[in-house]
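Undergrad: Chains E and F supply the protein sequences, listed in that same order. Per the working numbering, residue 9 is the first one in the first sequence, and the count goes up by one each step. Per the working numbering, residue 794 is the first one in the second sequence, and the count goes up by one each step.
Honestly, the hints are just simulated from the structure, not real lab data. In this text the structure is predicted, and so the values were computed from the model without any measurement. We treat Cβ as the ideally placed atom computed from N, Cα and C, and that holds for glycine. Mixed in with the good hints, there may be bad ones.
To be verified - Within a straight-line C-alpha distance of at most 25 Å, the following computed SDA-like cross-link-like pairs (lysine to any residue) qualify:
#1 Lys-142/E - Pro-800/F
#2 Lys-879/F - Ile-215/E
#3 Lys-142/E - Glu-826/F
As the list claims (entries may be wrong) - Reference excerpt, derived from the structure (chain F facing chain E, CB under 10 Å, subset only):
#4 Glu-817
#5 Lys-877
#6 Val-900
#7 Leu-903
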Amino acid sequence: MSMHFRAKNKLRRFAAFALTAALISGATLAVSPATAMNEADLAPAGTETFSVIGNLPVSADGTVLVQDLTKVGVTSTQVQSIQRGTLEPVDEQMAAAAAWEPFDRLTSWKDSIGLTVPIRYGTASWGYRHIVDKHNMTTNVSRTVTKYPRTRVEQSSSSHVYIAPVYLLNCSPIMCTILDQRDVRAVTNPTIQNDGHRRGIITTYCIGETYCNSWVKNSVNAN
Amino acid sequence: MADSLDPGELLSAIKAVFEIESVETYFEVRSVEIAGNDVQVLFEWAKPGVLYGIRIEIPDTTDHPSWQDWRPQTLEEWATYAVKWKMIEELETGLLGRTSRSFDGRVTWLELPD
């Protein structure tokens, strides 16, 4: 990768972060490229800002060790990139293009205890269509929340409920500071359907907001 | 051919699913009743002492849009998702701050989005 491209990526990441921070703080000023450039010049050298989903060990002073990111599915290659300051931004997922039926299974995975969780195309009320259109979520957020939850409760024969924290972090090569946090809830229906597979993801959403901030779905371990 | 659905059985299923504690937020269901074509749920959310109400149309047959939307295998499944989790999801994602509401002197009635 050229230095120019790397610098551009870094600037793009910082601009996204600055915009997120402005939205979080309720600021009304737009972040122009020029402003971002000036801010980027002032940003601490050798740090990376990104989000990550999952139940991380957080110390009493609100910091996270970079090495602990692997506990929630961040790859060792990504950890090395964080430490080198060369982490690639996560591109937003594209919506499913084909004409799906509600019960069509898009994909499936194992949750934190090894139970298979599919996601089906669904309707405006449940499944993929619901989480994407209403809550700005992705299949991979649902997957990561159910794989690395803080809590997983089997509430009934037809509902399993997970909560996972999502952190916006600023990391030096060793240590991360938490800049912001959301809790994401996922609800799954484990009953077996006529096709022999579980119903799967019903919903996934950020607690406290209808349309979740994009830094949640762009988490490094949700791709 | 559509099967008819018994409102009494649907009501029992809704009451049963609300007996399961589901969220960390203060959420107390005070009553669940059938009123016309709707189920009427009175509850307290987040703050004790403030009574909210929500009305959700109940299906009379398996052709009803709400039944078709969920296509559940049991009444319990329909009650869990078309009533209980629909309410909780809306409440946890800020329903109180964005929906229209009307106060009848005792209950603050909330509109659920379709």
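Undergrad: Output the numbers, in ascending order, of every earlier hint that fails for this structure.
TA: 1, 3, 6, 7
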